[in-house]
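Trainee: Residue numbers (the numbering used here), protein chains in the order written: chain A, 1 to 142; chain B, 1 to 142.
Each hint should be verified, as a subset may be incorrect.
[To be verified] In silico DSS-like cross-links for lysine-lysine, where the CA-CA straight-line distance does not exceed 30 Å:
| id | chain 1 | residue 1 | chain 2 | residue 2 |
| --- | --- | --- | --- | --- |
| 1 | A | Lys116 | A | Lys137 |
| 2 | B | Lys102 | A | Lys26 |
| 3 | A | Lys74 | B | Lys26 |
| 4 | B | Lys26 | A | Lys116 |
| 5 | B | Lys77 | B | Lys26 |
| 6 | B | Lys102 | A | Lys102 |
| 7 | A | Lys112 | B | Lys112 |
| 8 | B | Lys26 | A | Lys77 |
| 9 | B | Lys74 | A | Lys102 |
| 10 | A | Lys137 | B | Lys52 |
| 11 | A | Lys116 | A | Lys77 |
| 12 | B | Lys112 | B | Lys74 |
| 13 | B | Lys112 | A | Lys77 |
[As the list claims (entries may be wrong)] Now the stretches of chain A that chain B is said to cover, found in silico as 3 or more residues with beta-carbon under 8 Å:
| id | region |
| --- | --- |
| 14 | 86 to 92 |
| 15 | 101 to 112 |
| 16 | 121 to 133 |
Hints in this document: simulated from the structure, not taken from any laboratory. For every residue, glycine included, the Cβ atom is placed at its ideal position computed from N, Cα and C.
There are 2 protein chains.
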Amino acid sequence: MIAFDHHSSPAPEELPSLLEGLRMTKQRREVLSVILAERDHPTANDVFTRSKERMPTISLATVYNCLEALVSHKLVKQVNFERESSRYCPNLSDHCHFQDEKTGTIHDVVFKKGVKLEDFLELPQGTEISHLELSLKGRIGY
Amino acid sequence: MIAFDHHSSPAPEELPSLLEGLRMTKQRREVLSVILAERDHPTANDVFTRSKERMPTISLATVYNCLEALVSHKLVKQVNFERESSRYCPNLSDHCHFQDEKTGTIHDVVFKKGVKLEDFLELPQGTEISHLELSLKGRIGY
DNA sequence: ATCCCGAATTAGAATAATTCCAATTTCCGC
DNA sequence: GCGGAAATTGGAATTATTCTAATTCGGGAT
Chain A
1 MIAFDHHSSP APEELPSLLE GLRMTKQRRE VLSVILAERD HPTANDVFTR SKERMPTISL
61 ATVYNCLEAL VSHKLVKQVN FERESSRYCP NLSDHCHFQD EKTGTIHDVV FKKGVKLEDF
121 LELPQGTEIS HLELSLKGRI GY
Chain B
1 MIAFDHHSSP APEELPSLLE GLRMTKQRRE VLSVILAERD HPTANDVFTR SKERMPTISL
61 ATVYNCLEAL VSHKLVKQVN FERESSRYCP NLSDHCHFQD EKTGTIHDVV FKKGVKLEDF
121 LELPQGTEIS HLELSLKGRI GY
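Using the sequences plus the hints, can you model the full thing?
Mentor: Here it is, written out as structure tokens:
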């Protein structure tokens, strides 16, 4: 459709390394599968609602716990727009997010092939970036 | 010191246009002066504390109101790091933020001269970006 | 298979940042 | 100086998230 929305889930062969040290409980599997099922960047509460359909006993606290476990094991990315509630994203490729102001929809936006931070930022040498989050808002040419 | 921390406040001649339609009450002036006084990216609560020294009757709600007025009139920028509380920044130049994980200190980081979004992002044509926020975390080569 | 123990889950309470509300107060234009 | 719209105020309300303490789960050792 549009150039947004390239998508990449973990290649099957790299899953084991990501799972290292993460006990894959049924709640975590459920939460992960909810996030993998659609790529619409659900909030914790969205995930909670969807998870309950197949696992009615799951609690919101558990959803938060699972999300934090999945994020810290890099199976899922956490996405923030200003002070809105966090959203979760199954696309593990290096990318950032664009929120359509008209609809609220969030689209993945990929970096151009090969660009490095130093190409567009005046970063003092020796700076090690451990985390980067780029969030855009605007309108699409409909 | 380091290449971070370029700083630019509004040029005196463009202030009038920014102030257009903004009633500069004494509370707003106080809040603005607190933010201008240091470039340490204070939170709303920091601003509240500092403002109270010279204006003991100011309320937290007013600080929030003033901040929102100043931000929407582009006299101040709002800075977000994940879900931390918002911080406020007097640097109006196009820039982004780096948080030193060791100290928590936030540094301004400028974009390389002349870079455009399309240079490093795969943006579908026709996309109009109205807001961009890039937040970095990491360590400085001390 | 059973026992043990640390880890995960749960419900609900607690916290923190921010926003809302309704009652003044301020202050600009007449 | 007066009227009215906008701003300020204190406190209550809201919202997302985290914490707590009790319970349950599940994998490894026996």
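Trainee: For every hint, state whether the structure bears it out.
Mentor: Results of checking the hints against the structure:
no. : hint                 : verdict
1   : A:Lys116 to A:Lys137 : holds, 22 Å
2   : B:Lys102 to A:Lys26  : violated, 36 Å
3   : A:Lys74 to B:Lys26   : violated, 48 Å
4   : B:Lys26 to A:Lys116  : violated, 45 Å
5   : B:Lys77 to B:Lys26   : holds, 20 Å
6   : B:Lys102 to A:Lys102 : violated, 39 Å
7   : A:Lys112 to B:Lys112 : holds, 16 Å
8   : B:Lys26 to A:Lys77   : violated, 43 Å
9   : B:Lys74 to A:Lys102  : holds, 22 Å
10  : A:Lys137 to B:Lys52  : violated, 35 Å
11  : A:Lys116 to A:Lys77  : holds, 20 Å
12  : B:Lys112 to B:Lys74  : holds, 22 Å
13  : B:Lys112 to A:Lys77  : holds, 28 Å
14  : 86 to 92             : violated (count 1)
15  : 101 to 112           : holds (count 5)
16  : 121 to 133           : holds (count 13)
The structure does not agree with the numbered hints 2, 3, 4, 6, 8, 10, 14 stated previously, though it agrees with the rest.
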